[in-house]
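One line per chain: the protein sequences are A and B, in this order. Numbered per my numbering, the first sequence spans residues 1 to 146. Numbered per my numbering, the second sequence spans residues 1 to 119.
Everything labelled a hint here was simulated from the structure, so no lab data went into it. Don't take every hint at face value.
As a list, the in silico EDC-like pairs of lysine to aspartate or glutamate whose alpha-carbon atoms are at most 20 Å apart [said to hold, decoys possible]:
#1 A:Lys38 / B:Asp64
#2 B:Lys74 / A:Asp21
#3 A:Lys122 / B:Glu118
#4 A:Lys122 / B:Glu42
#5 A:Lys37 / B:Asp64
#6 B:Lys66 / B:Glu8
#7 A:Lys122 / B:Asp117
#8 A:Lys38 / B:Glu86
#9 B:Lys74 / B:Glu11
#10 A:Lys37 / A:Glu18
#11 A:Lys122 / B:Asp36
#12 B:Lys107 / B:Glu2
#13 B:Lys107 / B:Glu11
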Amino acid sequence: MSNEHGEQVTFQETRQVEQGDFATAGQIAASFKNTLKKLGVASPVIRRIAIASYEAEINLAIHSWGGTMRLIIYPDRVRLLVDDVGPGIENIDLAMQEGYSTASEEVRMLGFGAGMGMPNMKRCADAFKIESVLGKGTSISMDFNL
Amino acid sequence: MELGRMAEILEAEVICGQENLHLDIPLAVASDMMSDVLVSTECDRVLISGLCTIHTVLTAQILDLKAVIFVRNKVPTAEMIEAARENDISILRTGFTMFAACGELYKHGLRGRRRVDEQ
Ligand SMILES: Nc1ncnc2c1ncn2[C@@H]1O[C@H](COP(=O)(O)OP(=O)(O)OP(=O)(O)O)[C@@H](O)[C@H]1O
Ligand SMILES: [Mg+2]
Chain A
1 MSNEHGEQVT
11 FQETRQVEQG
21 DFATAGQIAA
31 SFKNTLKKLG
41 VASPVIRRIA
51 IASYEAEINL
61 AIHSWGGTMR
71 LIIYPDRVRL
81 LVDDVGPGIE
91 NIDLAMQEGY
101 STASEEVRML
111 GFGAGMGMPN
121 MKRCADAFKI
131 ESVLGKGTSI
141 SMDFNL
Chain B
1 MELGRMAEIL
11 EAEVICGQEN
21 LHLDIPLAVA
31 SDMMSDVLVS
41 TECDRVLISG
51 LCTIHTVLTA
61 QILDLKAVIF
71 VRNKVPTAEM
81 IEAARENDIS
91 ILRTGFTMFA
101 ACGELYKHGL
111 RGRRRVDEQ
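Take these sequences, add in the hints, and give me the full structure.
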């Protein structure tokens, strides 16, 4: 397998997250984690990828109208692409700040909405890119060096 | 501190994962907010929480944690226990409040990260 740049791809998987699917959010992160483990990736890297996936998955469920999570494993790095259709983010700098959250009281009762997810994804990844268009959606790309 | 010792101190019921009781877990993290717990990648921690949902167990699973202690007598669901069993995570349950549970464990020598800005 190879991507559009002719780079060799070891493994690739795309999964769907539905809007409001909070109860099952985390299953994709857990399954990505298992995949990486089976491929023999080192535990500290797996943990960073799993944390970023989990936070991204929760965000899709609670903030977007639905989206996809794609895991692409290259020989030298892992790429995590998170794309959603949704309200988008008006002020990305603000959203990246620790503690900034627009999550509902209901989400907070369930242990999320501390405003820590996005800064944590950025901290976990070796490269982090985010693009968002109001009323359309948000795309995040994260790279993790192997 | 051995997990079994934590159970003793907190007069906790071991709901699953008896086999982990001999494990020495040097650190603890206590929070009801899972994204606060997910900020650190350290795996040698016990998770103490008053949040008793599947996401507490999932958080432990994502972080490779070996044990979760539920305070305030929270009762885990069958789904949570099953998920914990599948991932070799022990679940303990205590009637202590969060404050008292942390205070007792700290008094007996268990430690956690002191400040968010320290590594
Ligand atoms: N996919 C998204 N679509 C629209 N808005 C988003 C999206 N992801 C994040 N946001 C906005 O950015 C804010 C910050 O996100 P972040 O993940 O840091 O915190 P949170 O999800 O509110 O809480 P936590 O991640 O601690 O559970 C959110 O509250 C929300 O307003
Ligand atoms: Mg979030």
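A quick look at each hint next to the structure:
With a C-alpha separation of about 15 Å, the suggested pair Lys38 of chain A and Asp64 of chain B falls inside the 20 Å cut-off, and the hint holds. Only pairs whose Cα atoms come within 20 Å are accepted, and Lys74 of chain B paired with Asp21 of chain A is rejected, the gap being roughly 24 Å. At most 20 Å may separate the alpha-carbon atoms for a hinted pair to count; Lys122 of chain A and Glu118 of chain B meet this at roughly 18 Å. For the hint pairing Lys122 of chain A with Glu42 of chain B, the CA-to-CA distance comes to about 17 Å; that is within 20 Å, so the pair holds.
Under the criterion of a C-alpha separation no larger than 20 Å, the hint pairing Lys37 of chain A with Asp64 of chain B is consistent with the structure, at around 12 Å. Among the hinted pairs, Lys66 of chain B with Glu8 of chain B is consistent with the structure: their alpha-carbon atoms are about 17 Å apart, no more than 20 Å. The suggested pairing of Lys122 of chain A with Asp117 of chain B holds, with an alpha-carbon distance near 16 Å, which does not exceed 20 Å. Proximity of Lys38 of chain A to Glu86 of chain B is assessed by CA-CA distance (about 16 Å); at most 20 Å being required, the pair is judged to hold.
Restraint check: the Cα-Cα separation between Lys74 of chain B and Glu11 of chain B comes to about 14 Å, which is no more than 20 Å; the hinted pair holds. Among the hinted pairs, Lys37 of chain A with Glu18 of chain A is inconsistent with the structure: their alpha-carbon atoms are about 26 Å apart, more than 20 Å. Note on Lys122 of chain A and Asp36 of chain B: the hinted pairing holds, with a Cα-Cα distance of about 15 Å set against a maximum of 20 Å. Distance check on the hinted pair: Lys107 of chain B and Glu2 of chain B sit about 15 Å apart at the alpha-carbon level, within 20 Å; holds.
Distance hint between Lys107 of chain B and Glu11 of chain B is fulfilled; the C-alpha atoms sit about 15 Å from each other, no more than 20 Å.
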